[in-house]
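Trainee: Protein sequence lines correspond, in order, to chains L and V. The numbering of the first sequence is UniProt numbering, which starts it at 1 and goes up by one. The numbering of the second sequence is UniProt numbering, which starts it at 1 and goes up by one.
Honestly, the hints are just simulated from the structure, not real lab data. Bear in mind the structure is a predicted one, so any value in this text is a computation, not a measurement. Any given hint could turn out to be false.
[As the list claims (entries may be wrong)] A short list of chain L residues far from chain V (calculated; beta carbon distances all over 10 Å):
1) Leu7
2) Gly324
3) Gln325
4) Gln379
[To be verified] The list that follows gives simulated cross-link-like pairs (lysine-lysine, BS3-like), each with its CA atoms no further than 27 Å apart:
5) Lys457(V) / Lys369(V)
6) Lys80(L) / Lys19(L)
7) Lys496(V) / Lys573(V)
8) Lys573(L) / Lys369(V)
9) Lys319(L) / Lys19(L)
10) Lys369(V) / Lys26(V)
11) Lys369(L) / Lys319(L)
12) Lys369(V) / Lys8(L)
13) Lys26(L) / Lys15(L)
14) Lys19(V) / Lys8(V)
15) Lys147(L) / Lys238(L)
16) Lys496(L) / Lys327(V)
17) Lys496(V) / Lys327(L)
18) Lys8(V) / Lys496(V)
19) Lys80(V) / Lys26(V)
20) Lys327(V) / Lys573(L)
21) Lys573(V) / Lys327(L)
22) Lys319(L) / Lys573(V)
23) Lys573(L) / Lys319(V)
24) Lys573(L) / Lys496(L)
25) Lys457(V) / Lys496(V)
26) Lys369(V) / Lys19(V)
27) Lys369(L) / Lys15(L)
28) Lys238(L) / Lys8(L)
[Said to hold, decoys possible] Per the computed footprint, the stretches of chain V lying under chain L, defined by three or more beta-carbons under 8 Å from a beta-carbon of chain L, are:
29) 73-83
30) 373-379
31) 401-410
32) 419-428
33) 446-460
34) 534-542
35) 547-557
For glycine and all other residues, C-beta sits at the position ideal for the given N, C-alpha and C.
Number of protein chains: 2
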Amino acid sequence: MNYHAPLKDMQFLLKDVFKAESEWAKMPAMADAIEMDTAMAILDEGARLTSEVIAPINRPGDEQGVRILDGVVTTPDGYKEAYQLYAQSGWVGFGGDPQYGGMGMPKMLGVLFEEMCYSASNAFALYSSLTAGAALCLASHGTEAQKALYLPKLYSGEWTGAMDMTEPQAGSDLSPVRTKAELDENGQYRITGTKIFITGGDHDLAENIIHLVLARLPDAPAGSRGLSLFVVPKYQVKADGALGEANGVTCGSIEHKMGIQASATCVMHFDGARGELVGQANRGLHAMFTMMNYERLSIGIQGLGCAEAGYQMAASYAKERNQGQGKDGSALPILAHGDVRRMLMTNAALTEAGRALAVFTGLQLDKTKFGEGEQSAAQSLVGLLVPLCKAFFTDLGLECSVLSQQVFGGHGYIRETGVEQLVRDVRIAQIYEGTNGIQALDLLGRKVQPHDGAVLKLLVQELESTCAELPAQWDTEASRIRQAFGDLLDAAMTLKASDEAADALNSAAVDYLHAMGYAVYGLMWLKMATVFDHAEPALSARKTHLMRFFFARIFPRFDAHLASALSDVEITKGMPADLF
Amino acid sequence: MNYHAPLKDMQFLLKDVFKAESEWAKMPAMADAIEMDTAMAILDEGARLTSEVIAPINRPGDEQGVRILDGVVTTPDGYKEAYQLYAQSGWVGFGGDPQYGGMGMPKMLGVLFEEMCYSASNAFALYSSLTAGAALCLASHGTEAQKALYLPKLYSGEWTGAMDMTEPQAGSDLSPVRTKAELDENGQYRITGTKIFITGGDHDLAENIIHLVLARLPDAPAGSRGLSLFVVPKYQVKADGALGEANGVTCGSIEHKMGIQASATCVMHFDGARGELVGQANRGLHAMFTMMNYERLSIGIQGLGCAEAGYQMAASYAKERNQGQGKDGSALPILAHGDVRRMLMTNAALTEAGRALAVFTGLQLDKTKFGEGEQSAAQSLVGLLVPLCKAFFTDLGLECSVLSQQVFGGHGYIRETGVEQLVRDVRIAQIYEGTNGIQALDLLGRKVQPHDGAVLKLLVQELESTCAELPAQWDTEASRIRQAFGDLLDAAMTLKASDEAADALNSAAVDYLHAMGYAVYGLMWLKMATVFDHAEPALSARKTHLMRFFFARIFPRFDAHLASALSDVEITKGMPADLF
Chain L
1 MNYHAPLKDM
11 QFLLKDVFKA
21 ESEWAKMPAM
31 ADAIEMDTAM
41 AILDEGARLT
51 SEVIAPINRP
61 GDEQGVRILD
71 GVVTTPDGYK
81 EAYQLYAQSG
91 WVGFGGDPQY
101 GGMGMPKMLG
111 VLFEEMCYSA
121 SNAFALYSSL
131 TAGAALCLAS
141 HGTEAQKALY
151 LPKLYSGEWT
161 GAMDMTEPQA
171 GSDLSPVRTK
181 AELDENGQYR
191 ITGTKIFITG
201 GDHDLAENII
211 HLVLARLPDA
221 PAGSRGLSLF
231 VVPKYQVKAD
241 GALGEANGVT
251 CGSIEHKMGI
261 QASATCVMHF
271 DGARGELVGQ
281 ANRGLHAMFT
291 MMNYERLSIG
301 IQGLGCAEAG
311 YQMAASYAKE
321 RNQGQGKDGS
331 ALPILAHGDV
341 RRMLMTNAAL
351 TEAGRALAVF
361 TGLQLDKTKF
371 GEGEQSAAQS
381 LVGLLVPLCK
391 AFFTDLGLEC
401 SVLSQQVFGG
411 HGYIRETGVE
421 QLVRDVRIAQ
431 IYEGTNGIQA
441 LDLLGRKVQP
451 HDGAVLKLLV
461 QELESTCAEL
471 PAQWDTEASR
481 IRQAFGDLLD
491 AAMTLKASDE
501 AADALNSAAV
511 DYLHAMGYAV
521 YGLMWLKMAT
531 VFDHAEPALS
541 ARKTHLMRFF
551 FARIFPRFDA
561 HLASALSDVE
571 ITKGMPADLF
Chain V
1 MNYHAPLKDM
11 QFLLKDVFKA
21 ESEWAKMPAM
31 ADAIEMDTAM
41 AILDEGARLT
51 SEVIAPINRP
61 GDEQGVRILD
71 GVVTTPDGYK
81 EAYQLYAQSG
91 WVGFGGDPQY
101 GGMGMPKMLG
111 VLFEEMCYSA
121 SNAFALYSSL
131 TAGAALCLAS
141 HGTEAQKALY
151 LPKLYSGEWT
161 GAMDMTEPQA
171 GSDLSPVRTK
181 AELDENGQYR
191 ITGTKIFITG
201 GDHDLAENII
211 HLVLARLPDA
221 PAGSRGLSLF
231 VVPKYQVKAD
241 GALGEANGVT
251 CGSIEHKMGI
261 QASATCVMHF
271 DGARGELVGQ
281 ANRGLHAMFT
291 MMNYERLSIG
301 IQGLGCAEAG
311 YQMAASYAKE
321 RNQGQGKDGS
331 ALPILAHGDV
341 RRMLMTNAAL
351 TEAGRALAVF
361 TGLQLDKTKF
371 GEGEQSAAQS
381 LVGLLVPLCK
391 AFFTDLGLEC
401 SVLSQQVFGG
411 HGYIRETGVE
421 QLVRDVRIAQ
431 IYEGTNGIQA
441 LDLLGRKVQP
451 HDGAVLKLLV
461 QELESTCAEL
471 PAQWDTEASR
481 IRQAFGDLLD
491 AAMTLKASDE
501 AADALNSAAV
511 DYLHAMGYAV
521 YGLMWLKMAT
531 VFDHAEPALS
541 ARKTHLMRFF
551 FARIFPRFDA
561 HLASALSDVE
571 ITKGMPADLF
């Protein structure tokens, strides 16, 4: 696969749209860690690594897949070498705590590198993403000793991380989790149970794998409030960090999947494995959510990465492939056909707005840690934006990958072409880390509806400050987005006021999320339009075309989704179960 | 896979909605061939065959795939036996000319059996579909001798058919086809060239394979007007129908694909193979279109079949899988969740309207052959409906298959569950037999826009006669569909009047097709609603719920697509090629 990171757009977003340098200047920890020249050099280095090292192993890795033989899990050829290079270059610990060997880099930069990784290889990127998420969870909830023991090795990539939640009977609803944690005679916790769908649960990329496992203490209350989180290494870790014996953590099988064939999706057996409690007893879900929220944004970015990779493949093909003739009889590249342009521009107009939203969300995450006086608002925005990014980026990631495949015609269905792999790989992103339906419930029910839409109103403030800087040529577009946010606020309150608010929420949430997604993408286009004149002429021209396309040809979807969300709840609820 | 044909809905459509018996009474050839009891018995038999014989080989066939060794192509275990049983039962010749051994059954019945086949196995169904299409082409354009020689063996399934058009440089645009046809010293045509993406190009299901090959005569004009059609058997056929020597037709390789792994997609080499001209020289594309139009409807039905199969799997899972608890603490099947209902009802509301449209289109096809005084109008409607069915059924086939997969959560991504195969299999249907973009160009540019929208006005007549019988409770819905058809007519004329009509057509066509699809589905729901009271109570209740859902939650998409189609052509055309 021929992937080149969209560096110019990334630079435009960091420098011009989100003015990273002035944001960092307001956050001492960031200002110490980075300046713009360094950020640009980091993006360059990331672009080189992803195009030269990671992208080349993506297609063969899909064909070879992960294998298991006598309980030993082996990743495809080249994955181990690539992962070691990746880790040694510091990328796993990119956003990690400097006190324990992390690089402490801003998330608004991290999201851009993460997108490159997913564009280059979904399966490869997951190993690192899970490791960084596990490290974040331990950094947030672990004891000092746990942090000192685990974080340096996770940041360095010598060890990797995994998140062990799902069991056959416990998926979207974790309350029936059965895995047990019991104290042994030495006062150590012993974990026993089986977990399924564990990404990176076992493999040969690193010398140890640190599992964060949801389990139930003997005296725990029923349901999800009786879950505790344990750190359970594949090999026991001595006090000095040296590896000890195997810890009763084994991979039972590797799932056969639609895609991400080079990612080891494992059934994991814990057979009296030694574990340590992370955070408080029975507060495991709270601790796990730190990791889950990290992963949710990361998985959203998987959707963006696939859309971008698909765009690059399809745009390149559309310029090279001739079908049909021009008026003078000359061969016509298919890019000349309006419908091919429609497909490419739909992808680009969505993906570039999504990239802006990822950076905006990264900035809010940085502010939650370091933003003086802005932490609370940033935290609220993050709560709103993470489920939106996860679900909207990935739903559109599928749409854009399918469009990219369509540009190739019959050749797009052939495995060797590479674009069909994107469709198979990105499809999981709508499902794991909480299905997009679960994200939508979270967004509308827990983030938008409380406090009369207070968090959504923060975005309206952002819109107003954006409009204040917007050239008058975009007044019509600004009005449409103002109207859209007003409609979104009204709709959220209408649904909340329903006599059957819980059912109304559940029936409406996904359509509501999509409507909000298009409105927020509109806001991102307006934000970009405030600084089109800062960009070099080609970028500015391209953005202007794509923004017009977005408003004329994509934004009409907003009304359709909102109308669907606002339909009478009885329409969805009223059909008796036996008629399905 | 556990598939059961939706017989009650099929019977409702045939008997109550489209009143097949009174239609057949108006067509002597049909009235002689069939009566309603026979039709019901045929559907029962089709349901048994598809659920007991075909569905069971679908999942293993996907894993095993088609293999090629030393030039010999082998289908997965069980395919040969299933195909022989299928053929011996007369299904290949179901709609064939009785004069040559076909069963002469109506197409409005045939489309329903075809849907069952695709639901049971996409890959299996293709072998039969291509054979029936090749037979239809020979029946329409072949000489008496060709018909006598080929049709009985094709109808009986002893031989199969294939359609050989695409070459590496000639896909959507066939004008650069290079395969040559030259007369040899004996006055026989010799075909030489390479074709790609040939479905069922070689396999072990039958003793001979009859290729219909587009090739160019030595003195032919350039472009697509210089293409002629040849019938080229894999083994030479003697005058008495006995098989002779191999004919220089070989399979170079089997494509590695995203899905339909049990369908042999072949690179075919013709090395001086003997062929006979079918129809007139240089009129090959005209003759081939007979087959292509047959296949286009068939491929549309592939989309419907996948949607229905996915619905059945997902609905069954949603009733069995518990997640979450009711207010009384009882386990809650996920069907209780509004978002799961939304996904299932979206699928059902679209698929049942699509099935109605397939039967309506089948009826028009029957009228083109036998409808006294109605042939011309029916021919026009078929021209309009075939590209609509092909593209709209398959685009929604992907959407509905993805929704079905989503209902399964993580389990939907696992190959053994079976639902992910639907997504991989149905994806090709948007691409082959003319991409959906090509269908949209045909629909809007060649079928809707000419003669001031005369053909679309035939559908408006259909709408008015439907509304005349519609209970008053559906007045609002009827008004919306009336308005929609008015909007569609206006939009077609507006686009035609554009200064850049060709580009406007090309940019708008896919969105226009989608808008029309929702309007026509609305019409189908109205047609069904005229006879809800004829159906048994459970079916009537289910239809009423699904119709309300369609109008409240799906139909709002109409406006979004129409607005997108009507956007200024410059928005899509104006972006310079180097900015992509």
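Trainee: Kindly indicate which numbered hints from before are broken by the structure, ordering the numbers from low to high.
Mentor: 2, 3, 6, 8, 9, 11, 12, 18, 19, 28, 29, 30 and 33
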